[in-house]
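A.B. asks: Here's the letter readout for the chains.
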Amino acid sequence: MKSEAAPLRVLIVDDEPPIRRFLRTSLTAQGYDIVEAEDGVKALDEVRRMSPDVLVLDLGLPGMDGLEVIRRLRGGGATLPIIVLSSRADEAGKVEALDLGADDYVTKPFGVDELLARLRAAMRHKLQQQGERPVFRSGALTVDLVRRIVTAQGAEVKLSPREYDLLRILVAHAGKVLTHRFILKEVWGGDTDVQYLRIYIRQLRQKIEPDPERPHHILTETGVGYRLRAPD
Amino acid sequence: MTAPGRDVAETVVEHARANNVTHLVIAKSRRSRWSELLRGSVAHSLIRRAGDISVHVIAANSGDPIPPKTVKTAPSGRETFLWWPYVAATGYVAAALGVGHVLHRVLALNNMALVFLTAVLASAVTGGLAPSLYASVVSVLAFNYFFLPPLYTFTISDPENIVALFVFAVVAVIASNLTARVRAQAVTARARVKTTEDLYLFSRKLAGVITMDDLLWATAYQIAAMLKVHVVLLLPEGESVAVRAGYPPEDVIEDADLAAAIWAWENNRPTGRGADTLPGAKWLFLPMRTGRGLVGVVGIDTGGAGARTGSFLTPDQRRLLDALIDQAALAIERVTLAEDVDRAKLAAETERLRSALLTSISHDLRTPLASILGSATSLKSYGPMLDDAARLELTSTIQEEAERLNRFIANLLDMTRLESGAIRPRADAVDLSEVVGSALERVGRILAGHRVTMDLAADLPMVEIDAVLFEQALFNLLDNAGKYAPAGSLITVRARAEPGRVRVEVLDEGDGIPPEDVERIFDKFYRVHAQDRQRAGTGLGLAICRGFVEAMGGTITAANRRDRSGAVFTLTLPEATALPRLEETPL
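Protein chains in written order, with this note's numbering: chain L, 483 to 714; chain D, -7 to 579.
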């Protein structure tokens, strides 16, 4: 945690009391300040009233569902990070939530470690928005964003402009999942076949991964997109 | 009834006595008196032999509404005139003349009667009555012309020869008559043998038929072919009967005929043309019965126009039809019973699956729940008394069992989605190594005790698959390998490019699949008998695997490895159409 003085406030929105109880207990123990809501309407109220730093939002809420909550929050200009709790076999829901402006997702059932990692990545991104760090380091991978130099396993890597753009987008959102559509828009500027993205990811992995078949840095989120592993 | 015996009257009376008949009604035939003199009258013979049976003789009348069932002792076919027996008869007589001429010259024999008689008998044997009578006449003339003085005239000088010639004529006609009857009986017997053979072949054919459609088709065809009629077969459908087969196949029956058929079915009696009920119908419908009851109705029609006059079926044909129907009825009953047994088996199988599902669910849900509940209550009640290692053990148990429970529920969900048709693959071009990598990542903890290698060819094309479904299929395969291959053994994921597709293999080093299980291994709830050391599976993983792979146009097969013990699962995935490459210069 960057600031020890003011604990980060997390709004937990889920209609299942056991889930809220488990999250409250675990996150409080990690030093977070917890606010709870059990449905979408209350969630919007709590966002206004309590100004949480981050929102943990179940998609399958009764009444107004999670997607609608995201739509209204982003429509109203709220920028707080949103982490979605989704069920398995709902890739479409996850992708839609991300496209609507959610920052990341965790699939139920999940371990608390996973949720904490997503929370940290989301907060890091928020904190970094003031200014990108000039050099990204993760394990044996270094990306110098000012001089545009990439080194992996101690050697400089030659990247094509497109490959570099791709890596830069991933670095800018390190730890966060990026949907295919988002990356295509950022790197290619619009409607390009996802097959090109897959080809470039493969090429990029060949150049920066120690074992391209078992990637350590660029992780595949099957059916959703990619995620660059955040520095430890 | 047909009388196959030598004597019609005798056969009729025997039959009547055998069936306890008290009254006989016969139609007086309109044959000539000559015919009666020569062959005797059936009516007279019957009356003479009937004894205590009353015999009623009625006049034959062509205006009968119900066509008379004519008695025939010879097979049909006599109606058409055949000329060859007469040629043959002429030939025999000519030969007799030649032989007689030689005998006359060499032995100076004058009485050639026996030589000509031979020709007459030969004509009777080969051609029947009429040709032999014709031969008799020709013989008398030739005998007279060539051998009786004065030679080469038709006049006879010696009165003795006139007597001889008359006697010869009488003998020839009687002999012709007798021989022809013998011949007719022989012909009838041959026809009967042929019919019997056909029936036998038919019953053999029916015995080999398994499906109802084949059986009905064969029956309709056989009846149509043997009797030269149109045939429809009606089988029960609900409370009534409906047409199930026919020959010619395009034949349809009208509503009025269908009503006759239904009446025949409901009353178990012949109906329609030529029968007592609804004789105005175009078709004749006969119930098909077995010892157990009615199995259907067969409809017969002679087709062509004007067929309504004259006899519809000869007694011979009717007898044949009854035999065919009996055999068909038995076969239909057999197939129906077999189908019932199949249905019962299917129901039993469904029931077995359902109970397997319940057993599986209750076992696979309860086992992890029991571990979780036990560990959690231990932690709650005795947490402070336990050392760190024990607490870690309990919390690890909770975590692992919860994950197992999660996998099981995910499988149930996938199976439900598959069976309800809710799986709609969204295939696009996917980098196989990427999906294999993420499947291995997910399965990581489960295969922690195994070594896993990836052997993917460098030149693999993109594949056209739904990445999410394929990852789950691969996950299930790896999970399965982890269950059946011993800890420490090697699990390999191999992929090779083939024309138009990519072949993926998952190989393990376990005991392999028992040969008898190879075919059933993808069945729902099927598990290869588990050893103690093996973790129990749900019996769903491979079924889902096949369902997913096939849903996206791939194939999956199971086999045993050839190089060593172990199982190999082989998947083929369609290659994606490659996009044009984007050219770029390096930085």
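Honestly, I wouldn't trust all of these hints.
[As the list claims (entries may be wrong)] Below, simulated DSS-like cross-link-like pairs (lysine-lysine); rule was C-alpha separation at most 27 angstroms, straight line:
#1 LYS197(D) to LYS220(D)
#2 LYS337(D) to LYS516(D)
#3 LYS640(L) to LYS667(L)
#4 LYS590(L) to LYS186(D)
#5 LYS186(D) to LYS220(D)
#6 LYS590(L) to LYS220(D)
[What the hints assert, rightly or not] Some, not all, of what chain D presents toward chain L, calculated at C-beta under 10 angstroms:
#7 VAL174
#8 ARG383
#9 ARG418
#10 ASP420
#11 ASP423
#12 VAL427
#13 VAL428
#14 LEU432
#15 GLU433
#16 LEU448
#17 ASP451
#18 MET454
#19 GLN464
In case anyone wonders, no lab produced these hints; they're calculated from the structure. This structure is a prediction, so every number in the text was calculated from the model and none was measured. Glycine residues also receive a C-beta, built at the ideal position from the N, C-alpha and C atoms.
A.B. asks: The structure should be examined with respect to each hint, and the outcome stated for every one.
C.D. replies: Hint check:
1. LYS197(D) to LYS220(D): Measuring from Cα to Cα gives roughly 20 angstroms; hence the hint holds.
2. LYS337(D) to LYS516(D): The given pair, whose Cα atoms are some 17 angstroms apart, holds under the 27 angstroms limit.
3. LYS640(L) to LYS667(L): Holds, at about 24 angstroms.
4. LYS590(L) to LYS186(D): violated (79 angstroms)
5. LYS186(D) to LYS220(D): holds (16 angstroms)
6. LYS590(L) to LYS220(D): Status violated; Cα separation ~75 angstroms.
7. VAL174: violated (89 angstroms)
8. ARG383: violated (16 angstroms)
9. ARG418: Check passed: Cβ of ARG418(D) comes within 8 angstroms of chain L, closer than 10 angstroms.
10. ASP420: holds (6 angstroms)
11. ASP423: holds (5 angstroms)
12. VAL427: At 6 angstroms from the nearest chain L Cβ, VAL427(D) passes the 10 angstroms test, so the hint holds.
13. VAL428: It holds, given that the least Cβ distance between VAL428(D) and chain L is near 7 angstroms, below 10 angstroms.
14. LEU432: At about 7 angstroms, which falls below the 10 angstroms cut-off, the nearest Cβ of chain L leaves the hint on LEU432(D) intact, so it holds.
15. GLU433: Hint holds; GLU433(D) Cβ to chain L Cβ min 8 angstroms, cut 10 angstroms.
16. LEU448: Interface hint status for LEU448(D): holds (6 angstroms vs cutoff 10 angstroms).
17. ASP451: violated (12 angstroms)
18. MET454: holds (6 angstroms)
19. GLN464: holds (9 angstroms)
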